[in-house]
Amino acid sequence: MTRPAILVEHVDVRFRPFVDRKPTLRRSLANLRTRQVEEVVALDDVTFRVEKGEAFGVIGRNGAGKSTLLRVMARTLKPNTGRVVVNGRASTLLQLGVGFNPELSGARNIYLGGLSAGLRKAEVDEIFDDVVEYSGLGDAIHRPVKTYSSGMFSRLAFSVSMHLDPDILLLDEVLAVGDAEFREKSMQSMRDLLDRAGTIVFVSHALPQVADFCDRAMWLDAGRVRMIGEAKEVVDVYREYEKERRASAG
Amino acid sequence: MSSSSPASGAVGRVSRAREYLAELWRRREFAVALGLGNLKARNASTSLGLVWWVLNPLLLGAVYFLVFGIFFQRQEPLRFLVYLLSGMFPFHFTSQAMTGGANSIIQNAKLLANLRFPRLLLPISALVESLVGFVASLGVLMVILFIAGQLIPETFFTFRLAYLPLVVLIHLTFNLGLGALTARLAVPFRDLNNLIPYVNRIWLYVTPIIWPLSLLDGLSGPMRSLVQINPMYSIVGLYRSALLGTPFIGDQVVRALAWSALTVVVGVYLFVRQEGHMVRYL
Ligand SMILES: Nc1ncnc2c1ncn2[C@@H]1O[C@H](COP(=O)(O)OP(=O)(O)O)[C@@H](O)[C@H]1O
Ligand SMILES: [Mg+2]
Numbered sequence: 017m018t019r020p021a022i023l024v025e026h027v028d029v030r031f032r033p034f035v036d037r038k039p040t041l042r043r044s045l046a047n048l049r050t051r052q053v054e055e056v057v058a059l060d061d062v063t064f065r066v067e068k069g070e071a072f073g074v075i076g077r078n079g080a081g082k083s084t085l086l087r088v089m090a091r092t093l094k095p096n097t098g099r100v101v102v103n104g105r106a107s108t109l110l111q112l113g114v115g116f117n118p119e120l121s122g123a124r125n126i127y128l129g130g131l132s133a134g135l136r137k138a139e140v141d142e143i144f145d146d147v148v149e150y151s152g153l154g155d156a157i158h159r160p161v162k163t164y165s166s167g168m169f170s171r172l173a174f175s176v177s178m179h180l181d182p183d184i185l186l187l188d189e190v191l192a193v194g195d196a197e198f199r200e201k202s203m204q205s206m207r208d209l210l211d212r213a214g215t216i217v218f219v220s221h222a223l224p225q226v227a228d229f230c231d232r233a234m235w236l237d238a239g240r241v242r243m244i245g246e247a248k249e250v251v252d253v254y255r256e257y258e259k260e261r262r263a264s265a266g
Numbered sequence: 003m004s005s006s007s008p009a010s011g012a013v014g015r016v017s018r019a020r021e022y023l024a025e026l027w028r029r030r031e032f033a034v035a036l037g038l039g040n041l042k043a044r045n046a047s048t049s050l051g052l053v054w055w056v057l058n059p060l061l062l063g064a065v066y067f068l069v070f071g072i073f074f075q076r077q078e079p080l081r082f083l084v085y086l087l088s089g090m091f092p093f094h095f096t097s098q099a100m101t102g103g104a105n106s107i108i109q110n111a112k113l114l115a116n117l118r119f120p121r122l123l124l125p126i127s128a129l130v131e132s133l134v135g136f137v138a139s140l141g142v143l144m145v146i147l148f149i150a151g152q153l154i155p156e157t158f159f160t161f162r163l164a165y166l167p168l169v170v171l172i173h174l175t176f177n178l179g180l181g182a183l184t185a186r187l188a189v190p191f192r193d194l195n196n197l198i199p200y201v202n203r204i205w206l207y208v209t210p211i212i213w214p215l216s217l218l219d220g221l222s223g224p225m226r227s228l229v230q231i232n233p234m235y236s237i238v239g240l241y242r243s244a245l246l247g248t249p250f251i252g253d254q255v256v257r258a259l260a261w262s263a264l265t266v267v268v269g270v271y272l273f274v275r276q277e278g279h280m281v282r283y284l
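Listed in order, the protein sequences are those of chains A and B.
As numbered in this note's numbering, residues 17 to 266 make up the first sequence, in order.
As numbered in this note's numbering, residues 3 to 284 make up the second sequence, in order.
Worth flagging that the hints you see were computed from the coordinates, not collected in a lab.
Where hints are given, some of them may not hold.
[Claimed, not checked] Derived DSSO-like pairs (lysine-lysine); straight-line CA-CA distance at most 27 Å:
id, chain 1, residue 1, chain 2, residue 2
1, B, K112, A, K94
2, B, K42, A, K68
3, A, K137, A, K162
[Stated by the list, open to error] Partial chain B-side listing against chain A, Cβ under 7 Å, derived:
id, residue
4, F32
5, L41
6, A46
7, A111
8, K112
9, A115
10, N116
11, L117
12, V274
13, G278
Here a beta-carbon is modelled for each residue, glycine too, at the ideal position from N, C-alpha and C.
Construct the entire structure; sequences and hints are all you get.
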């Protein structure tokens with residue numbers, strides 16, 4: 017068997033919200049006394065692999081653990097137990113425009129985005145013109161990013177990310193970007209990435225997009241893997257399940 | 003074959019520390035760009051921008067000058083002013099380093115959650131930002147000192163500017179350790195940000211900035227040692243030697259060096275040791 021792009025084995029992530037999240041002096045003192053902290057299990061024994069050249073979708077309700085899973089794959093969050101192996105240069109584009117400063121111009125943000133992703137300044141110099149060109153922003157590139165529409169912001173952010181030349185792209189609900197034309201352009205870039213044996217993991221609520229674009233998909237439910245399989249199948253089962261749940265609830 | 007021997011553990015730690023430093027160095031442009039970007043953004047959003055770096059210690063100095071220099075009728079107000087400002091400006095750098103460090107992780111939560119990089123780059127970028135402000139303010143301070151020097155009789159005022167970069171370097175190292183420490187503490191203790199202004203105020207009062215060094219003569223031996231152990235006592239002393247031409251005191255040089263080495267080692271160690279957990283607190 018060839019090496020997978022991403023291997024996730026028996027991964028657990030647990031948060032202790034009162035200790036882990038925004039603790040204050042008062043809360044810390046309170047915890048010293050009570051010592052009972054309730055754990056949130058964000059991921060529960062998650063195991064799967066993503067092959068090279070594959071587009072892999074992750075779906076599930078809010079709070080299912082999708083973002084947590086992407087952070088584990090980006091290796092910015094260490095799981096409590098389990099193993100994660102990533103083969104390749106993961107461009108950890110979990111959200112668009114990470115590292116951008118809205119007060120600064122688009123041009124300066126190209127540098128900030130590139131440098132924060134690990135490029136050297138000289139390397140950003142080289143891709144700069146292509147990034148501007150691809151984004152289609154023209155002279156607006158010299159305006160502060162806070163003056164951009166959300167579509168313009170996405171175009172710039174996506175353009176920077178694609179020019180980082182990643183092997184693995186991790187996307188957290190960032191695909192419905194820009195106008196129809198730019199969306200088609202970005203989809204084409206991602207298909208090119210897949211053709212070059214790149215890998216895309218793609219969290220989205222846009223179920224038709226997942227069914228359409230992804231080869232396989234995984235359904236996460238309350239931190240557990242409910243189903244892994246062909247993307248269309250998983251989306252269908254998930255949709256059916258959600259419909260029934262809503263029907264029985266209301 | 004359960005655990006490795008202590009020797010290989012130590013070797014592993016050394017090589018991991020070297021890797022960390024190498025990665026820090028490789029990503030230095032990122033820290034600088036982030037710091038300068040934040041500075042520029044702040045300049046864009048406040049009308050006076052960088053000027054505040056000069057105004058803050060200057061206005062604070064003016065207040066204390068009015069109270070202690072004029073109101074209490076010190077004999078040589080101009081000399082007192084020079085003494086006061088030459089301490090106030092460096093002190094402002096340290097208080098900014100504390101605040102900047104404490105904010106650096108929380109402000110950049112999104113970067114932390116999304117990207118892998120040595121987390122120390124964040125307090126370093128905050129330090130880059132405050133260093134630019136400090137250097138600008140030092141320029142203004144030197145102009146003020148020069149003018150004051152012209153007005154003061156005798157040759158009271160002689161620059162020893164050649165030493166100034168060295169003094170700034172020692173101070174910068176100290177501030178790096180301090181910033182890493184406050185960054186480390188601010189992640190689990192969000193209240194720290196509310197506490198820092200008070201810590202700063204007390205620190206200012208126990209440092210010979212608004213009161214003259216001669217006050218030390220009235221203290222008992224142990225009390226005097228206590229005042230002198232304050233790192234800012236020695237650091238401010240070095241600035242006065244470089245800027246005002248008072249002689250360098252060997253004791254002060256040694257203490258300032260020791261404090262900056264100790265602070266940077268302890269601060270960075272404590273920061274790096276827990277940087278892998280920071281993302282869970284955001
Ligand atoms: N830093 C954190 N501290 C505490 N709980 C967290 C933290 N991050 C995520 N969680 C919890 O983990 C669960 C999964 O969250 P997430 O991965 O963001 O879900 P999704 O992206 O599928 O909506 C949620 O219950 C959320 O509240
Ligand atoms: Mg999410």
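Can you list which hints this structure breaks, lowest number first?
-> 2, 5, 7 and 12
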